[in-house]
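Here the structure of chain L is known, so what remains is to put chain E with the ligands in place on it, guided by the hints.
One letter stands for each residue in the lines below.
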Amino acid sequence: MLALALATLVWVLWQRLALLRAAAPSPRWDHLGERLRRLLVIGFGQSRQPRYRVAGIVHILIFGGFLVLSLRSMTLIGEAFSAGYADLGSGYAAVKDWTGVVVLGACAVAAWRRVVVRPARYHDRHARSSHTPEALLILALICSLMLADAAYEGSALVLEGKGGGWRMPLASLLAWVFGAVQQTGGAEQPLLGGIHLAAFWIHNAVLLFFLCLLPLGKHFHVLSALPNVFFSKLEPSGKLKPPSHLEADFDALEVVGVSKLEDLGWKELLDVYSCTDCGRCSDHCPAYAAGTALSPRMLSIKMREAAYAHYPLRGKVVPPEQRPALVGETIGTAELWACTTCGACEEACPVMIEYVDKVVDMRRHLVDDGRLPASLQKPLAALEKRGNPYGKMARKRGDWVDGLAAEASANGNRAVGSDRSEGGDPAPCGKGVRILAPGDTAEVLYFTDSCAAFDPRIQRTAVAFAEILLHCGADVGTLGKDEVDSGHEARRFGEEGLFLALREQNLLAMEQRKFSRIVTSDPHALNALRHDYGVELPVLHHSQWIAESVASGELNMQGIDDGRTYTYHDPCYLGRHNGEYQAPRQILAAIPGLRSVEMERCAGRSFCCGGGSLSLFNEPECERRMGEIRLDMAAAAGAQVVVTACPFCLINLEDAIKTSGRDEHMEVVDLAELVAQSLAPQSAAMESESA
Amino acid sequence: MNIIVCIKRVADTSEAEIVIQRGGQGLEEEDFAWGINEWDNFAVEAAVQLKEQHGGVVTAMTLGGEDDEEVLRRALAMGCDEAVHLCDEAFAGADAWGIAKALAAAVRGRSYDLLLCGAVSGDAGGGQVGGFLAGLLDLPLVALATCLEVGSGNGGTGGVARVRHEVESGLERVVEVDLPAVVTVQTGINEPRYVSIRGIRKVAGAEVQVLDGAALGLQAAELGSAGARVRLEELFLPPRGEGAEVLEGSDEEIVQRLVEMLHQRGGL
Ligand SMILES: Cc1cc2nc3c(=O)[nH]c(=O)nc-3n(C[C@H](O)[C@H](O)[C@H](O)COP(=O)(O)OP(=O)(O)OC[C@H]3O[C@@H](n4cnc5c(N)ncnc54)[C@H](O)[C@@H]3O)c2cc1C
Ligand code: SF4
Ligand code: SF4
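So the sequence lines, in the order shown, correspond to chains L and E.
In this text, residue positions in the first sequence follow the numbering used here: the first is 1, and each later residue adds one.
In this text, residue positions in the second sequence follow the numbering used here: the first is 1001, and each later residue adds one.
To be clear, the hints were calculated from the coordinates, so they are not data collected in a lab.
Watch out, some of these pointers could steer you wrong.
Unchecked claim - List of simulated lysine-lysine pairs, DSSO-like, C-alpha gap at most 30 Å:
| # | chain 1 | residue 1 | chain 2 | residue 2 |
| --- | --- | --- | --- | --- |
| 1 | L | 392 | L | 316 |
| 2 | L | 385 | L | 396 |
| 3 | E | 1202 | L | 241 |
| 4 | E | 1202 | L | 385 |
| 5 | L | 378 | E | 1051 |
| 6 | L | 233 | L | 218 |
| 7 | L | 260 | L | 241 |
| 8 | L | 396 | L | 241 |
| 9 | L | 260 | L | 378 |
| 10 | L | 260 | L | 316 |
| 11 | L | 392 | L | 514 |
| 12 | L | 481 | L | 514 |
| 13 | L | 396 | L | 481 |
| 14 | L | 260 | E | 1202 |
| 15 | E | 1202 | L | 392 |
| 16 | L | 481 | L | 239 |
| 17 | E | 1051 | E | 1202 |
| 18 | L | 392 | L | 378 |
| 19 | E | 1202 | L | 378 |
| 20 | L | 260 | L | 233 |
| 21 | E | 1202 | L | 239 |
| 22 | L | 162 | L | 378 |
| 23 | L | 316 | L | 218 |
| 24 | E | 1051 | L | 260 |
Claimed, not checked - Derived coverage of chain L by chain E (criterion: at least 3 residues anywhere in the stretch with Cβ under 8 Å from a Cβ of chain E; other residues may be distant):
| # | stretch |
| --- | --- |
| 25 | 372 to 386 |
| 26 | 491 to 505 |
Even for Gly, the Cβ is constructed at its ideal location relative to N, Cα and C.
Isolated chain L (complex conformation) (with noise of 0.2 Å):
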């Protein structure tokens, strides 16, 4: 039977493996030190589980449960051999009886939430089954190992008429029922015999139908998952996955993103094969909560289902020209525009399940065939003939600069380097920031991406910023009409081609100007210098300059008291994406008098508003944007003002209070704007400076 059981388990998980050896690469074998600590911690740790309070609990102890018992099922497989090899000792023996004991409990909290409290996260709006049968199934199964082992102690108890007392009170138990039923119904030792036999074999027989069962469902997991940790992302959940791990030159592949199961790489696909059907990320996602056609454990399902069907246990492979495609019927093309690329899932998924660079896989085939939603096709010739998605003329985008010189040479003010500027006339210049030339050098290049240059509402955090800057005294330039879109939304959009334009295009200017640091008020411009561009110098965020200054008592502040209560939204691409959650929170603690709240949902588990630049373009079908949803939920923290640090968060935001007509009572600013408005008169302070 074993034999039998084993040879099955490894035909199975052979079969299983199938399309992973049919995969694409991924490159996982690197920092086995790192990979391995988070094998401990996130897996053997289940670091990742207690967000879900009792779920979470329950979870690590079966986990736990699994992991102690995992000696005794093997050592009771090793008894059918050779008598007395399941004896460890009275220690272990008390220790595994009293983990029955904790497991049971934690099996039947787990069915009475399946059955009984159902919370919402379990069923999915776009499943078409449940997977409640599967879960009570394996409850069960896990319930009567416990149970087949009790009695197989229990019944040797009463046969050596011994007493396992409260060390052992599973078995203890189960021996004083067997001993009242042998008192009462005079039954004989054969039978208790007989009891004894069968515990041993049902205990047997269970777990090894167990662990054939493992990899049909979603409780591979109990298989997969350390694996899937083990050789989970370890680069910034910023940086995108390149179109091939293999070819470096873009337009020299022959094939670009994912159109069928194979293109995924291998790890990708045991993610699909570890998807614990949770629905955590789900529950965090921001296109499921706002009713879009996305779910993304929904595409680790459907794509689970599709890779047993096309790979299955027995009959040939099935070809990919006789599936139903991958990227439009078995996931809906609608489902992958729907995404923001937020990151919440991700940092949700207790097993590490990468989302983000498999939706922008798949975007990248359906761009490569040409399938794009209509409403993105304007912006996106825009980029490519424009350098911005407004189809705004390319020279004036250092004109916002120009505006902030002309105000500043009326106030009589100059911006500090303005006059190192060669030849004649100075730079263009205005407060703390001026246009650099080809040539030129400032300390700070302000990247402001297409947003701050062009959209009249951000230039004015982009004034506001320049005004700090001002305050700092730093020598601060642009790159003027020689910068172009970062190119962020374009590649993850799936438009892989033009995003290496734009680059290349950004790079050479900047080869073209000499300065040390970058600074950006645009998050998405942030992770495209770090970790789309590559580029070595330090690249900051306007809020980390901002915490830097106040920091060192550059920035004096004065008090903001209104009387009206701030909270701080969490930008996707600076906070999960970029790790920075502390800046922004120490500027609104450094600003005397003004009371913040949290969110509920804050920091790594913040909200999206709806995605930036071209998602501007392409609003999904939903029921409730996203936006008022954020809203929905600052109100609830009893805030009216949201402070953010994007300026696709503040135009997504600010949307939203007009749709939900919240104009009265609700606001939306940049921390910039904040900052600058806090500040000392600026004439004030430059007199005070010169005088």
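Using the frame of chain L, we list chain E with the ligands on its own:
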């Protein structure tokens, strides 16, 4: 099902400041972004979709300067099979008739079932070339198509097309037209596919047939400005008329002012 699509490269003047060249003979082009005429993009998509359904060869054809090759490459990237560039300095200054004559000369002698044009071009907006082509080639014409299907089976000549098209008074009608025919395509007839940068690069090496006036068998006197019977006298921005008023200020101020004015003058 062989199809020829005539496409034109035009300037996108949105967001650009319109500056008339001195002498009123043209516009300052520095700020313009160039690309395929919007209607022609739909025509190319329609042609490629028909090819995908019925097979055959789609040829994209443009008359224009060297830079205009760009739109042919784009059409190839969308799925056209061949590209023909009518390029000759002598074509400069042609009127719509001259353009149509050159196109007709290039079309003659090719095998085709359908000749597609955009309904109008986004720059001069004459809407003439398609019609002239039909006349010059003695073919039936259906203008402003919003839906286009061809009868299958016959292959080659002899088939028919069913075309839904716009007619006056906001009506639409469906007609059946014998092939070969000229159909001019309205925007919205389909959803043109996206052309990625990579898609364009992939066809960078594809052959484009270049034909000059001589190759088309046209005489110098028929070409370009020499042959044009419609000549540009002057290009100008219409002067602001009497009573016209441009409101200035923020959006809110403008709207408020507009509402006031409409109230005052009885518009509301
Ligand atoms: C109803 C009407 C109103 C008009 N109103 C005005 C007016 O208000 N003011 C004015 O000045 N003129 C007007 N005209 C005249 C018009 O501006 C000129 O006739 C113009 O030169 C026509 O050429 P086009 O470039 O606009 O081509 P169109 O005839 O508009 O182009 C239609 C299609 O022909 C094909 N095509 C055109 N050129 C080429 C090319 N070079 N290569 C390949 N294919 C091509 C394309 O498929 C294109 O979509 C009007 C004409 C008409 C019929
Ligand atoms: S990245 Fe954000 S929007 Fe996309 S699936 Fe994950 S949670 Fe949803
Ligand atoms: S992807 Fe992760 S979070 Fe989502 S259902 Fe699967 S295991 Fe749970």
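Here is how each hint holds up against the structure:
Proposed proximity of residue 392 (chain L) and residue 316 (chain L) is contradicted: the alpha carbons are some 55 Å apart, above 30 Å. Between residue 385 (chain L) and residue 396 (chain L), the direct Cα distance comes to roughly 14 Å. Compliance with the 30 Å bound is thereby established for this hinted pair. For the hint pairing residue 1202 (chain E) with residue 241 (chain L), the CA-to-CA distance comes to about 23 Å; that is within 30 Å, so the pair holds. For the hint linking residue 1202 (chain E) to residue 385 (chain L), the alpha-carbon distance of about 19 Å falls within 30 Å, and the restraint holds.
Of the supplied pair hints, the one linking residue 378 (chain L) and residue 1051 (chain E) holds, its CA atoms being roughly 26 Å apart against a limit of 30 Å. With a C-alpha separation of about 22 Å, the suggested pair residue 233 (chain L) and residue 218 (chain L) falls inside the 30 Å cut-off, and the hint holds. Under the criterion of a C-alpha separation no larger than 30 Å, the hint pairing residue 260 (chain L) with residue 241 (chain L) is consistent with the structure, at around 17 Å. Taking the CA atoms of residue 396 (chain L) and residue 241 (chain L), the gap is about 34 Å. The hint is violated against a cut of 30 Å.
The straight-line distance between the Cα atoms of residue 260 (chain L) and residue 378 (chain L) is roughly 29 Å, inside the 30 Å bound, and the hint therefore holds. Pair hint residue 260 (chain L) plus residue 316 (chain L) holds up; C-alpha atoms about 17 Å apart against a cutoff of 30 Å. For the suggested pair residue 392 (chain L) and residue 514 (chain L), the alpha carbons sit about 27 Å apart, so the restraint of at most 30 Å is met. Using a Cα cut-off of 30 Å, the hinted pair residue 481 (chain L) and residue 514 (chain L) holds, with the two alpha carbons roughly 17 Å apart.
At roughly 7 Å between alpha-carbon atoms, residue 396 (chain L) and residue 481 (chain L) fall within 30 Å of each other, so this suggested pair holds. Restraint check: the Cα-Cα separation between residue 260 (chain L) and residue 1202 (chain E) comes to about 22 Å, which is no more than 30 Å; the hinted pair holds. A hinted pair counts as satisfied when its Cα atoms are at most 30 Å apart, and residue 1202 (chain E) with residue 392 (chain L) qualifies at roughly 28 Å. Taking the CA atoms of residue 481 (chain L) and residue 239 (chain L), the gap is near 27 Å; set against the 30 Å cutoff, the hint holds.
Under the criterion of a C-alpha separation no larger than 30 Å, the hint pairing residue 1051 (chain E) with residue 1202 (chain E) is consistent with the structure, at around 20 Å. Restraint check: the Cα-Cα separation between residue 392 (chain L) and residue 378 (chain L) comes to about 12 Å, which is no more than 30 Å; the hinted pair holds. Restraint check for residue 1202 (chain E) and residue 378 (chain L): the C-alpha separation of about 22 Å stays at or below 30 Å, so the hint holds. For a cut-off of 30 Å, the pair hint linking residue 260 (chain L) to residue 233 (chain L) stands: about 21 Å separates their Cα positions.
Restraint check: the Cα-Cα separation between residue 1202 (chain E) and residue 239 (chain L) comes to about 27 Å, which is no more than 30 Å; the hinted pair holds. For the hint pairing residue 162 (chain L) with residue 378 (chain L), the CA-to-CA distance comes to about 83 Å; that exceeds 30 Å, so the pair is violated. Under the criterion of a C-alpha separation no larger than 30 Å, the hint pairing residue 316 (chain L) with residue 218 (chain L) is consistent with the structure, at around 23 Å. This hinted pair checks out: residue 1051 (chain E) and residue 260 (chain L) have alpha carbons roughly 25 Å apart, not beyond 30 Å.
Taking a C-beta to C-beta cut-off of 8 Å, the stretch 372 to 386 of chain L contributes 10 residues in contact with chain E, enough for the three needed, and the coverage statement holds. Beta-carbon proximity to chain E at under 8 Å applies to 6 residues in the stretch 491 to 505 of chain L; the threshold of 3 is reached and the given coverage holds.
Hints 1, 8, 22 from the earlier list are contradicted by this structure; the remaining hints agree with it.
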